[in-house]
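Chemist: Which chain is which? The protein sequence lines are A and V, in order.
Residues in the first sequence are numbered from 1 upward in steps of one, following my numbering.
Residues in the second sequence are numbered from 1 upward in steps of one, following my numbering.
Don't read these hints as lab results, they were simulated from the structure.
Please read all numbers here as calculations on a predicted model, not as lab measurements.
There could be a bad hint or two in this list.
Only some residues are given here: those of chain V computed to face chain A with a beta carbon under 8 Å [unchecked claim]:
| # | residue |
| --- | --- |
| 1 | P56 |
| 2 | G61 |
| 3 | S66 |
| 4 | I67 |
| 5 | N95 |
| 6 | R101 |
| 7 | R103 |
| 8 | W108 |
| 9 | H162 |
| 10 | N164 |
| 11 | G193 |
| 12 | P237 |
| 13 | I238 |
| 14 | E240 |
| 15 | I312 |
| 16 | A313 |
With a straight-line Cα cutoff of 35 Å, these simulated DSBU-like cross-link-like pairs (lysine-lysine) come out [unchecked claim]:
| # | chain 1 | residue 1 | chain 2 | residue 2 |
| --- | --- | --- | --- | --- |
| 17 | V | K276 | A | K182 |
| 18 | A | K327 | V | K180 |
| 19 | V | K222 | V | K194 |
| 20 | V | K217 | V | K180 |
| 21 | V | K224 | A | K85 |
| 22 | A | K276 | A | K292 |
| 23 | V | K180 | A | K324 |
| 24 | A | K276 | A | K85 |
| 25 | V | K46 | A | K324 |
No residue lacks a Cβ here, since even glycine has one placed at the ideal position from N, Cα and C.
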Amino acid sequence: MEKRVFDGSINYIQIMDENGNVDENLRPKELTDGIILQMYKYMSLTRALDAKMLSLQRQGRAATYGPSLGEEAAQVGSAMAMGPKDFFVPNFRQHGTYITRGMPLDALILYWKGYEEGIMPARKINAIPYIVPVSTQLLHAVGLAYSQLYQNTGASVITFVGDGGTSEGNFYESMNFAGILKAPVAIIIENNQWAISEPRSRQTVAPTLAQKAIAAGIPGVQVDGNDVLAVYKVVRDALTNAKNGPTLIECITYRMSMHTTADDPTKYRPDADVEKWKPRDPILRVGNYLRKKALWDDSKQSAMEEEHRQTIDAAVEKAEQFKKDPKSMFENIYATMPAMLKEEEDAAVSAQFWMQKNDGE
Amino acid sequence: MMANMVTAINNALDLILQEDDKAIILGEDVGKDGGVFRVTDGLFDKYGDRRVMDTPLSESGIIGTSIGMALGGMHPIPEVQFAGFMYLAFDQLVNHANRYRSRTRGTWNVPMVVRTPISGGVRTLEHHSESPEALYSHAGGLTVVIPSNPYDAKGLLIAASHMNDTVLFLEPTKLYRLFKQDVPEGIYEVPIGKAGIVSEGEDLSIITYGTMVPVVKNAVSKRKVSADIIDVRTINPIDEKTILDSAKKTGKVIIVHEAPLSFGVGAEISARIAEKAMFELDSPIIRVGSPSLPYPFPQYEDYYVPNEGKVIAAIDKILSE
């Protein structure tokens, strides 16, 4: 005997196309033009901060930085779909999600200047710090989501991974665990087509990344990740359904810039590839929509850009006033500092960390 | 009650689950089966699958998910079936469990007790007999505990559950059922970060822990020497003071552990003594450990793990100097 025991398929969703035309049948009712305008402003602010961080890094005023250029819809749309109690577990690129959730800009800038202290306000907005080892954070999101189920808080969790991260074991383990635990979590693949120099085609021969959900037995969906309305809808649907368990969401987007400031994409990526994605820009299409609706024009655009410039400049100024305290490295390793560590700290502090030059004179 | 180490740990887990409704046990076969060493026996029946949870076979999943649970206000007590399999979760332990507190300057932390069996002597397959305590201690930020008797095992585990950080609780399988001891039935703590003094003496100091504590005791009683025997108990952070006090008192130090000799805990202890008590020693420190090679197959483990003979040889050597 032979019979088919399983069938699987993956849907793709787009609500607003590249020209700003909206499929009203798919548009969530609560996504008023006012909310879309808000999304536009958050995406624009994210892009403006991105440009500022690149400039600061080039001037030696910030550490290595991973830009989010081109990926704003995936980040902002997801954040807008969250409820007030929900949690957010990023990788290292979701600046737009932090901003939309209310992370103070000066804190984000401080973090990217190279201070962990910058991430401290994340707790207040139910966010976990940026996580660097790819896909390891997904398991934290699953456990965090389960803790909300266990404590019956009604909160859910969204988390992000890149296309490269889906090749890691932890990616599969997180979906599998989430399915078993019925964890209220949306695992969002920000598929920007590149993992440093490796294109999406080097990660897997699977035609979609969303279909990886099928192996874990959880729902999977693919969405136009440059369409903030569609991202909003699929994440909102996943969180509405979160009481029944996890969802995997693949946002199709494009990394318009470098992996991080430590990398030169012209070495491995033809400019023509990047050009193809320019008309699909997530901010451009929302701008076109708002202009068609007479909700936006050049003077409003200039006013917004000026406001963002001032906000960001003020945040940079505040971040640059931060007084460093190298002692803080020692102070938060354990709840109670052990004697052996205290001794090392005391030696370092009393010698002022050996920062004074000593020529033996 | 008279209890072996398995019963003592089982009793501690029962008390922890009773005391703290945010505490859960999770791992492979910890539920109905009660764990492959029966350490969680009966807890599934008493607390149900919400508190004592069988998980998929996924060590990184168990530890990574536990980190998330801890961030979310729970108090997970994950079990990894053998330390030899915990390397799959090494990333989660040394990149995350030990870093969340410093990464967030104390705003997020990971209160979790990771239990796993370590060390050899029970005739198992590959990867069931390792002593990896130095690897985890070197990472920084992880508290690493190894009990050597039922009383300490219960008290240290309860103390670990009261900490607000990740504790690796490494259980020597060889000692699980080796002997029974009188263990109080209620809650008590054996302090973490404090070495135990097994015996006090004048002629030499033997600093040891885990499976080697009974081996050292037997060696000392056979040689009828007057020895300080220090049971380190907490590998990281190490109780330097107790070790230095003893070294200064006797002037002769032997360090004995089952883990391989090179780059091990013994190197750390002897370096601290050399830095701070060198001129109070009257002979060189001797380290006794397993050879610096991976753990062998069962038919060779008796030739590999330090035994009484090896400890006695070290005692004879240091007393002849």
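Chemist: Can you list which hints this structure breaks, lowest number first?
Modeler: 9, 15, 16, 17, 18, 21, 23, 24, 25
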